[in-house]
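Colleague: Put chain B on the given structure of chain A with help from the hints.
Those protein sequence lines, which keep their order, are chains A and B. So in numbering that gives the first Met the number 0, spot 8 of the first sequence is number 7, and the numbers just go up one at a time. So in numbering that gives the first Met the number 0, spot 229 of the second sequence is number 228, and the numbers just go up one at a time.
Hint data in this document are derived by calculation from the structure and do not stem from the laboratory. Bear in mind that the values here come from a model prediction, so they are computed numbers and not experimental data. Be a bit skeptical, because a hint or two may be false.
Here are the computed distance ranges between Cβ atoms for each label pair [what the hints assert, rightly or not]: (1) B/42 x A/90: 56 to 66 Å; (2) B/72 x A/69: 51 to 61 Å; (3) A/48 x B/165: 22 to 32 Å; (4) A/94 x B/152: 50 to 60 Å; (5) A/0 x B/158: 19 to 29 Å.
Straight-line Cα separation of at most 30 Å, DSSO-like style, residue types lysine-lysine; simulated pairs [to be verified]: (6) B/203 x A/18; (7) A/30 x A/82; (8) B/4 x A/82; (9) B/234 x B/203; (10) A/18 x A/82; (11) A/82 x B/129; (12) B/234 x A/30; (13) A/18 x B/234; (14) B/234 x A/82; (15) A/18 x A/30.
Using N, Cα and C, we set each Cβ at its ideal position, and we do this for glycine too.
What follows is the residue order along each chain.
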Amino acid sequence: MKIIYNDNGTLAQLTPAPKFLETLEGTLEEKLIHIANKDLPTGTPYEITDEDLSDRTFRDAWEYVAGDNELYSADLSLDDQLKYNQITQEQFDAS
Amino acid sequence: MAKLKVQGNASGTGVVTLTAPNTNTDRTITLPDGDITLGGGVDGIVSTANATAITIDANENVGIGVVPESDWGGRNALQLGEQATWGALSHISTFGHNCQTRTGGVDYYMGATANEASQIQQYNGAFSFKVAPSGTADTAISWTTPLTITNDGRGLSQFTAKAWVHFDGTGTVAIEDSHNVSSITDTSVGSYYVNLANSMANTKYCVLGSSSQGASAATNYNNHVCVQNINYNYKYQLLMRPQAASDTMVDIGAIFSVVFGD
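Okay, chain A solo, but in the shape it has when bound (with noise of 0.2 Å):
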């Protein structure tokens, strides 16, 4: 399972460490849009996918397409953002 998004009119494909989603709870789904919410840019839209891509055969005109599925990336909690150091102790007791 991947998270697929446009980037900069090229489709983009993220894969999560398996080290990174040891560390979370839910099902894999949740993990990924954990992730999701970590390492996209808040208010991107994407898909998670389990499709085959490992033909690259034209890669770099490959675009992303939103489907039914499509989710879009949000904030993490405070105490997440906290956790993965996106803010500092200080912002966090001022917010």
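Modeller: Leaving out everything else, chain B in the frame of chain A:
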């Protein structure tokens, strides 16, 4: 009565039992204030000390070979000699040398002569290794923390890798192994973003990258792994450029990268 001598019978087990008049299980024995000399060791303790070896003060802090310092800021403390200390609160414990945590949680130098201080602190399931330059007794310590080992196994320092990854960039990206990396984003041929699980403190970090050789003759050169877009503290980009006439980027089967910094 100035003196009482209790002596057992010459025969029997040799155990002397004092029994109170109310019940034969009430055997509280009150000894007078002052030193007590035992003819032999207590069970499990053998001592040949000829001076005070262990002192327990009114706060139940313990000194071995020394009278413990009086102010430990509410901590339970064990002091070994003049400068070695072990202090604990419910959520934090410290092993220190030449440092005493006093009221308010402030650490002070404690040696008779000026000396450096060091401390290993355990807090929130993490280790922090602290050091301080030489200072005189009863002055506050200003620590630096050159190394912290987090509860999730990361080493936070200038000299430990903040992150590393080994991945296959051909086909669908496969992350063989990693540390502090949440994902890899394949954006085009030979172009990958490494997304860090825990962000760096700033963008002044150092990225090293290398790779195996390409799979084809055209890419079977020493590949240049270019690091790009390090203006983010949570991700950076690796570009695979073969050292050939062509500037075309290529997918590589084994790509390695390491990150150092704050």
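Colleague: Next step is simple, just say for each hint if it's right about the structure.
Modeller: Consistency of the hints with the structure:
One distance hint, 56 to 66 Å for the beta-carbon pair residue 42 of chain B and residue 90 of chain A, holds here, with the actual separation near 58 Å. Taking 51 to 61 Å as the suggested C-beta distance range, the pair residue 72 of chain B and residue 69 of chain A conforms, at roughly 56 Å. Under the hint 22 to 32 Å, the C-beta atoms of residue 48 of chain A and residue 165 of chain B, about 25 Å apart, fit the expected range. Checked against the hint of 50 to 60 Å, the C-beta distance between residue 94 of chain A and residue 152 of chain B comes to roughly 28 Å, which is inconsistent with it.
About 36 Å separates the C-beta atoms of residue 0 of chain A and residue 158 of chain B, a value inconsistent with the hinted range of 19 to 29 Å. Between residue 203 of chain B and residue 18 of chain A, the direct Cα distance comes to roughly 26 Å. Compliance with the 30 Å bound is thereby established for this hinted pair. Taken as a hint, the residue 30 of chain A and residue 82 of chain A pair is honoured in the structure, with Cα atoms around 16 Å apart against an allowance of 30 Å. Our distance criterion of 30 Å between C-alpha atoms is broken by residue 4 of chain B and residue 82 of chain A, whose separation comes to about 69 Å.
With a CA separation close to 12 Å, the supplied pair residue 234 of chain B and residue 203 of chain B stays within the 30 Å bound. Taking the CA atoms of residue 18 of chain A and residue 82 of chain A, the gap is near 17 Å; set against the 30 Å cutoff, the hint holds. Simply put, residue 82 of chain A and residue 129 of chain B have alpha-carbon atoms about 22 Å apart, close enough for the 30 Å limit, and the pair holds. Simply put, residue 234 of chain B and residue 30 of chain A have alpha-carbon atoms about 19 Å apart, close enough for the 30 Å limit, and the pair holds.
A C-alpha spacing of about 17 Å is found between residue 18 of chain A and residue 234 of chain B, which places the hinted pair at or below 30 Å, so the restraint holds. A distance of roughly 16 Å separates the Cα atoms of residue 234 of chain B and residue 82 of chain A; the hinted pair therefore holds under the 30 Å criterion. Simply put, residue 18 of chain A and residue 30 of chain A have alpha-carbon atoms about 12 Å apart, close enough for the 30 Å limit, and the pair holds.
Hints 4, 5 and 8 from the earlier list are contradicted by this structure; the remaining hints agree with it.
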